[in-house]
Amino acid sequence: MDLLLGLDVGTTATKSLLIDIKGNIIASSSYNYSLITPQKDFVEQNPEDLWQGVIATTRNVLDHTNSGDKILAISFSTQGGTLIPVDGKFNPVYNAISWMDHRAYKQANEMRETLGDEKVYKKTGWAIYDGLPWLNIIWLRENMPDVFISTKYFMFVNDFIIHRLTGQMCMDPSNAGITQLFDIKTCQWDKDMLDLSGITADQLSPVQKSGFVVGELTQKASAEVGLPKETLIINGAHDQYCAALGSGVINPGDVMLSCGTAWVILGVMDKLNFDEKMRLSISPHIVKDRWGALKSMGAVGSCMEWFLDNIWCRGDREKDIYDRLNVSASESQVGSKGLIFFPSSGGYGHGTRGGFIGLSISNSIGDMARAIMEGITFDLRWTLEEVNDAGIETDVLRMVGGSASSPVWTKIVADVTNIPVILPSVTQSASYGSALLAGIGCGVFDSPDSACQVLSKNERFIEPDKENVVIYDRQFSIYKRAFQQIKDSLTELAEI
Amino acid sequence: MEREKPYFMSIDLSTTACKVLVFNSSGIPVAESHQDMPLFYPRPTWIEADANDWWNITVKCIREVLDKIPSSQIASIGVCGLMHALVPVDRSGNPLDRVMLWMDQRCKPQCEWIKEKTADRLIPTYLSAPKLKWLVENKPDVVVNTYKFMFGKDFIRLKLTGEFATDESDAGGSALFDSKRKCWSDEMLNLIGIPIDKMLPIRNSTDVAGYVTESSAKETGLKKGTPVVIGASDVRSTLIGVNIYAPKRVCLYMGTAAWVAISDEKGSVNWGGATATFGVGLRWCNELFDNSMTYSQMVELAGNASPGSDGLIFFPHLMGERWPKFNSYAKGTIFGLTLSHRKKHIIRAILEGNAYLIRQIIENYGIHRVENITATGGCAKSKLWLQIIADVTGKTISVPRVTEATALGSAILSAIGIRFFDSLDNAIKEWVYIQDFCFPNNNVKEIYDKAYRLYCRIDNALEEFYPETVN
Chain A
758 MDLLLGLDVG TTATKSLLID IKGNIIASSS YNYSLITPQK DFVEQNPEDL WQGVIATTRN
818 VLDHTNSGDK ILAISFSTQG GTLIPVDGKF NPVYNAISWM DHRAYKQANE MRETLGDEKV
878 YKKTGWAIYD GLPWLNIIWL RENMPDVFIS TKYFMFVNDF IIHRLTGQMC MDPSNAGITQ
938 LFDIKTCQWD KDMLDLSGIT ADQLSPVQKS GFVVGELTQK ASAEVGLPKE TLIINGAHDQ
998 YCAALGSGVI NPGDVMLSCG TAWVILGVMD KLNFDEKMRL SISPHIVKDR WGALKSMGAV
1058 GSCMEWFLDN IWCRGDREKD IYDRLNVSAS ESQVGSKGLI FFPSSGGYGH GTRGGFIGLS
1118 ISNSIGDMAR AIMEGITFDL RWTLEEVNDA GIETDVLRMV GGSASSPVWT KIVADVTNIP
1178 VILPSVTQSA SYGSALLAGI GCGVFDSPDS ACQVLSKNER FIEPDKENVV IYDRQFSIYK
1238 RAFQQIKDSL TELAEI
Chain B
14 MEREKPYFMS IDLSTTACKV LVFNSSGIPV AESHQDMPLF YPRPTWIEAD ANDWWNITVK
74 CIREVLDKIP SSQIASIGVC GLMHALVPVD RSGNPLDRVM LWMDQRCKPQ CEWIKEKTAD
134 RLIPTYLSAP KLKWLVENKP DVVVNTYKFM FGKDFIRLKL TGEFATDESD AGGSALFDSK
194 RKCWSDEMLN LIGIPIDKML PIRNSTDVAG YVTESSAKET GLKKGTPVVI GASDVRSTLI
254 GVNIYAPKRV CLYMGTAAWV AISDEKGSVN WGGATATFGV GLRWCNELFD NSMTYSQMVE
314 LAGNASPGSD GLIFFPHLMG ERWPKFNSYA KGTIFGLTLS HRKKHIIRAI LEGNAYLIRQ
374 IIENYGIHRV ENITATGGCA KSKLWLQIIA DVTGKTISVP RVTEATALGS AILSAIGIRF
434 FDSLDNAIKE WVYIQDFCFP NNNVKEIYDK AYRLYCRIDN ALEEFYPETV N
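Keeping their order, the protein sequence lines are chains A and B. Taking my numbering, the leading residue of the first sequence gets 758, the next gets one more, and so forth. Taking my numbering, the leading residue of the second sequence gets 14, the next gets one more, and so forth.
Only chain A is shown next, with the shape it has when bound in the complex:
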């Protein structure tokens, strides 16, 4: 049987997913690694951990194949914006500096003042942000000149893994954009940005489109991952874009809502449009002549984990806790009996303070659980208003990630936003998307559209309920106005 392998090289784990060419899942595997936080604002990881993740999860799924099976191609979904400086022999000279790192905050402020956000945004699609490679390279040059000088190539996760497998240097547009060294209009490394960081284009991998056939495995890599040499290595993409492909978000009007620890919205455009207010991060999509607009709501999903860890205290934390949470939330009512939750981290325009408004003596734990689901979703609706204001249509929300498996929460998303929700049948959308990308690259699928044909089976469709929409409209209005009333006081709470 012909098979395709997708590898999702993420921030905390690498996940592999093996599918057949009809889209059926054959096997999957996961390999965890940790972040290294040597001091405040520093977030790093060992590049060798990423490579070990690739080897381990590839070998694990191979155990589930039969003698006649053949893996045609492999592609990659990778964390974006993580910098890996290597020497002339492609050995790392420093830990990978994670996109979650904040060491370059001074450089970020300087650049905002001298260069301005808009210039960087309109070139790279990303507003100045201190976790991204451009500023981290400047930081290395200014603070660790020995590391900077001994770095021959500045690599990122996609090209680093591809080089380990093929010996070739190859980067993709969506991962190149988030480095802030790339002009997304011309799809070239940008000389101005390179000059500012003090490096040259020959220190970076050439950029090819996602789905480009990079080549075959080297002898050494073939032995390490346990695959035949002729297995095709296909250029990957930024994980959010692979997740978009893996959940069928490829046409204008499709919007992916990814609900993990962070909630991320990704919309599709058929023209390259920048958001005048720079709220959306723009990148070329995997699909030709499509661009993605991405908005992160921050780590709002962690509010529910906080609630489960600190307030819930009902039985075992591990054992079917989400089922019990859903039962409890469903025993409350639409609008949580007037209780409104404000997420405590990330979210629309506010800092780090959240709370509950409208508590009454008759409120139960289920009302609170449901209010948290609703409150995070109010924040989503507010963010969607911004996204729509920036020109992204939202006909339908394709919801993926942990919260997408909650029957209560998915309904709340449809009712609060008044937008139909589609739940793709595959939950591991990033690794699934990279497996589809492998199929596109090796010619099993003739286009992303036909790749997505394998998805449409068993999708679930949730329509907004008109009566609930009315209730939520009213509560959302309170949510916005109450937040605006007290937001100045909230920053002062941090001083107590």
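Hints in this document: simulated from the structure, not taken from any laboratory. Computed from a prediction, not measured in an experiment: that's the story for all the values here. Among the hints, erroneous ones may be present.
[As the list claims (entries may be wrong)] Pairs of lysine-lysine residues, derived as BS3-like cross-links and limited to a Cα-Cα distance of at most 30 Å, are as follows:
#1 A:Lys1076 to B:Lys442
#2 B:Lys463 to A:Lys1237
#3 B:Lys463 to A:Lys1244
#4 A:Lys1244 to B:Lys458
#5 B:Lys338 to A:Lys1237
#6 B:Lys357 to A:Lys1244
#7 A:Lys1034 to A:Lys1052
#8 A:Lys1076 to B:Lys356
#9 B:Lys356 to A:Lys1237
#10 B:Lys18 to B:Lys81
#11 B:Lys463 to B:Lys394
#12 A:Lys1244 to A:Lys863
#13 B:Lys261 to B:Lys442
#14 A:Lys863 to A:Lys876
#15 B:Lys442 to B:Lys394
#16 A:Lys1237 to B:Lys121
#17 A:Lys948 to A:Lys1034
#18 B:Lys356 to A:Lys797
#19 A:Lys797 to B:Lys357
#20 B:Lys338 to B:Lys261
#21 B:Lys338 to B:Lys463
#22 A:Lys880 to A:Lys966
#23 B:Lys356 to A:Lys1244
#24 B:Lys231 to A:Lys1244
#25 B:Lys231 to B:Lys73
[Stated by the list, open to error] Sample of chain A residues with no beta-carbon within 12 Å of chain B, all distances over it, derived:
#26 Ala813
#27 Lys827
#28 Asp874
#29 Lys876
#30 Lys880
#31 Gln965
#32 Leu1029
#33 Val1084
#34 Ile1118
#35 Pro1221
#36 Gln1232
#37 Lys1244
Ideal Cβ placement from N, Cα and C applies to all residues, glycine included.
Starting from the known structure of chain A, fit chain B onto it as the hints suggest.
Same frame as chain A, but now just chain B:
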């Protein structure tokens, strides 16, 4: 042989619990029992109790203290209880319906109606009149079958003695009482449609109402023929138990609810303010935590959080607010949450939020007019809570010898009833005095001043939204 010294039993039926205490002849509690009362929340804003629970739980509490003090040594029994709530009973004293508790807010429309009909009267939801009006409109058959409407303490006394009666302090909290003529108001009763003969006869608080009957003696273990006095509402009993009638006293009652009463230079009493959720807020919080802790464990945990609860503020309006802020739509809020907040912060924030509200009441009266605050009630046993109130208000807290001032007041009434004391003044002189002080800590003044200002600012900002959150 020397005659045995008498003991005085005091039954305190509060909203959330029944407490029975026995005092010795020096006014010191020597036996105590306590049981929580089930509350029912059939709909949002509805809060009910079952009068059968009132009696059954009282019986349990009585039996528990009689294990320590023999019934033969109980010289008299005093009763006091929650105000405003009325239980409809038939001729044999059987309850005909559940009791709408005073913080039940279903009767908002009836309040509006009464306000309209009586022009300028302020009728909050907790009073008895709008609740009876609700009953007339929604359960007319219950009204027709009712022999008498009874306040909590009167129901318990009825069960003990078979006598139907009440006193002025409870009648006065009904909005159905004519305080000038000292009798039920025909005008108000006519207005809401309740015949006057369904109301209880009003008698003196120190009168002996009757004696423990044979059947109730069997049920409770009390001695048949033990005198039971009329008693007073829990508020009146508390005021007696802290001697509010002395000049320039500020009394803070910390129970299920909290209130502040202030006496002027001449010793006449003014209300400073009241809040419906005080101790009950902790109980609510413990229910959230699946009742996994005792109250003392909760308070101990709160002691591990730092003053200001790391920027977490609780606004304790879980059941509306009545005074000085009158907003029956007010609701609770907790704001300032971060992912690093833990249970201890939430519990401490509840203690602190109530203290901010107390400070608001004191400031409303005039913070410089207050020298110190006398704290009583079940929650006054918590050293941490007293310290937080001292720190937030900047006032010294005086703690009386007996913090169960409510039960003490009711014991005093029962002792006067059987002529153990010849006057209230003499009883207070012997039984009521301050024993302890809790001083404000200057080191935390700055934090609490800042938190208090934020409390007031956010509280004002949110006020307008509460009516909208009603579902």
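Status of the hints after comparison with the structure:
1. A:Lys1076 to B:Lys442: Given that 30 Å is the threshold and the Cα spacing comes to 62 Å, the pair is violated.
2. B:Lys463 to A:Lys1237: holds, 26 Å
3. B:Lys463 to A:Lys1244: holds, 16 Å
4. A:Lys1244 to B:Lys458: Holds: lysine 1244 of chain A and lysine 458 of chain B sit about 25 Å apart, inside 30 Å.
5. B:Lys338 to A:Lys1237: holds, 25 Å
6. B:Lys357 to A:Lys1244: holds, 25 Å
7. A:Lys1034 to A:Lys1052: Holds: lysine 1034 of chain A and lysine 1052 of chain A sit about 12 Å apart, inside 30 Å.
8. A:Lys1076 to B:Lys356: holds, 22 Å
9. B:Lys356 to A:Lys1237: With a Cα-Cα distance of about 28 Å, the restraint between lysine 356 of chain B and lysine 1237 of chain A holds, given a limit of 30 Å.
10. B:Lys18 to B:Lys81: OK: lysine 18 of chain B and lysine 81 of chain B at ~15 Å, within 30 Å.
11. B:Lys463 to B:Lys394: holds, 27 Å
12. A:Lys1244 to A:Lys863: holds, 26 Å
13. B:Lys261 to B:Lys442: At roughly 17 Å apart (the allowed maximum being 30 Å), lysine 442 of chain B and lysine 261 of chain B satisfy the hint.
14. A:Lys863 to A:Lys876: Holds, at about 18 Å.
15. B:Lys442 to B:Lys394: Holds, at roughly 23 Å.
16. A:Lys1237 to B:Lys121: holds, 28 Å
17. A:Lys948 to A:Lys1034: Roughly 25 Å between the alpha carbons, so the hint for lysine 948 of chain A and lysine 1034 of chain A holds.
18. B:Lys356 to A:Lys797: holds, 27 Å
19. A:Lys797 to B:Lys357: This hinted pair holds, its Cα atoms lying about 27 Å apart.
20. B:Lys338 to B:Lys261: At roughly 23 Å apart (the allowed maximum being 30 Å), lysine 261 of chain B and lysine 338 of chain B satisfy the hint.
21. B:Lys338 to B:Lys463: holds, 21 Å
22. A:Lys880 to A:Lys966: It holds: about 18 Å lies between the C-alpha atoms, which stays within 30 Å.
23. B:Lys356 to A:Lys1244: Satisfied, since the Cα-Cα distance of roughly 24 Å is no more than 30 Å.
24. B:Lys231 to A:Lys1244: This hinted pair is violated, its Cα atoms lying about 63 Å apart.
25. B:Lys231 to B:Lys73: At roughly 13 Å apart (the allowed maximum being 30 Å), lysine 73 of chain B and lysine 231 of chain B satisfy the hint.
26. Ala813: holds, 31 Å
27. Lys827: holds, 47 Å
28. Asp874: holds, 28 Å
29. Lys876: Label holds. Min Cβ-Cβ 35 Å, cutoff 12 Å.
30. Lys880: Holds, since 35 Å exceeds 12 Å.
31. Gln965: It holds; glutamine 965 of chain A is separated from chain B by about 41 Å at its closest Cβ, greater than 12 Å.
32. Leu1029: holds, 37 Å
33. Val1084: holds, 15 Å
34. Ile1118: violated, 4 Å
35. Pro1221: Holds, since 19 Å exceeds 12 Å.
36. Gln1232: The claim breaks: glutamine 1232 of chain A does not keep its Cβ more than 12 Å from every Cβ of chain B (closest is about 8 Å).
37. Lys1244: Violated, since 10 Å does not exceed 12 Å.
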